Amino acid sequence: AQSVTQLGSHVSVSEGALVLLRCNYSSSVPPYLFWYVQYPNQGLQLLLKYTTGATLVKGINGFEAEFKKSETSFHLTKPSAHMSDAAEYFCAVISGNTPLVFGKGTRLSVIA
Amino acid sequence: GAVVSQHPSWVICKSGTSVKIECRSLDFQATTMFWYRQFPKQSLMLMATSNEGSKATYEQGVEKDKFLINHASLTLSTLTVTSAHPEDSSFYICSASSPVAGANEQFFGPGTRLTVL
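Taken in sequence, the protein lines are chains A and B.
The first sequence lines up with residues 1016 to 1127 when you count with our numbering.
The second sequence lines up with residues 12 to 128 when you count with our numbering.
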């Protein structure tokens, strides 16, 4: 069965600083990996996804993530944090015909 | 494209009453719909998976007689919380998928906040 581990339930960065949100996965078959963002009292918005092909994936709002099979990781980065990036971020994995499995989430705070 | 809506966005009800939440795929036909619940400051927990025209598959620990799911058409799924109690208060989110809309991708609705008094 697949699983997702997000290291750090809360990450705080200064405005303009690098954002790094960590995600490690476990899957017995090649996974599809996703990052979602959730603003308070809203649903999930897809930031980016990895299915096949290029391992560096670019998403919306300047975010990107790199699939590293050897490290079973799919960390999310953004070079320069903006106040509007403050939200909850979820990493998720799907493989085969199994339902989407979410990590516990990481709350990103951006300090002015 | 691939927009999913939920109605209502929030609902308050008395203990013992039933509440129905609708999930609609607006611009694609959803072969599969998923229902999640999310407690404050926690991740999404899958409750059930439903395919159009067939019975929903519930996750372990989810009471199928309490959380009735109907997926009557390719664009509509409903979740009915029967005899709701305060512990059912939560944020309920649906998602929909379709091989046409995007392989292995789920499109999420905006969520429904249920408060049971």
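Rather than coming from a laboratory, the hints here were simulated on the basis of the structure.
Any given hint might turn out to be false.
Straight-line Cα separation of at most 25 Å, PhoX-like style, residue types lysine-lysine; simulated pairs [as the list claims (entries may be wrong)]: (1) B:K31 - B:K75; (2) A:K1064 - A:K1083; (3) A:K1084 - A:K1119; (4) B:K75 - B:K25; (5) B:K25 - A:K1119; (6) B:K52 - A:K1064.
Everything numeric in this text was worked out from a predicted model, so none of it was measured.
A quick look at each hint next to the structure:
1. With a CA separation close to 14 Å, the supplied pair B:K31 and B:K75 stays within the 25 Å bound.
2. Between A:K1064 and A:K1083, the direct Cα distance comes to roughly 13 Å. Compliance with the 25 Å bound is thereby established for this hinted pair.
3. Distance check on the hinted pair: A:K1084 and A:K1119 sit about 21 Å apart at the alpha-carbon level, within 25 Å; holds.
4. Using a Cα cut-off of 25 Å, the hinted pair B:K75 and B:K25 holds, with the two alpha carbons roughly 21 Å apart.
5. Distance hint between B:K25 and A:K1119 is unfulfilled; the C-alpha atoms sit about 31 Å from each other, more than 25 Å.
6. Restraint check: the Cα-Cα separation between B:K52 and A:K1064 comes to about 23 Å, which is no more than 25 Å; the hinted pair holds.
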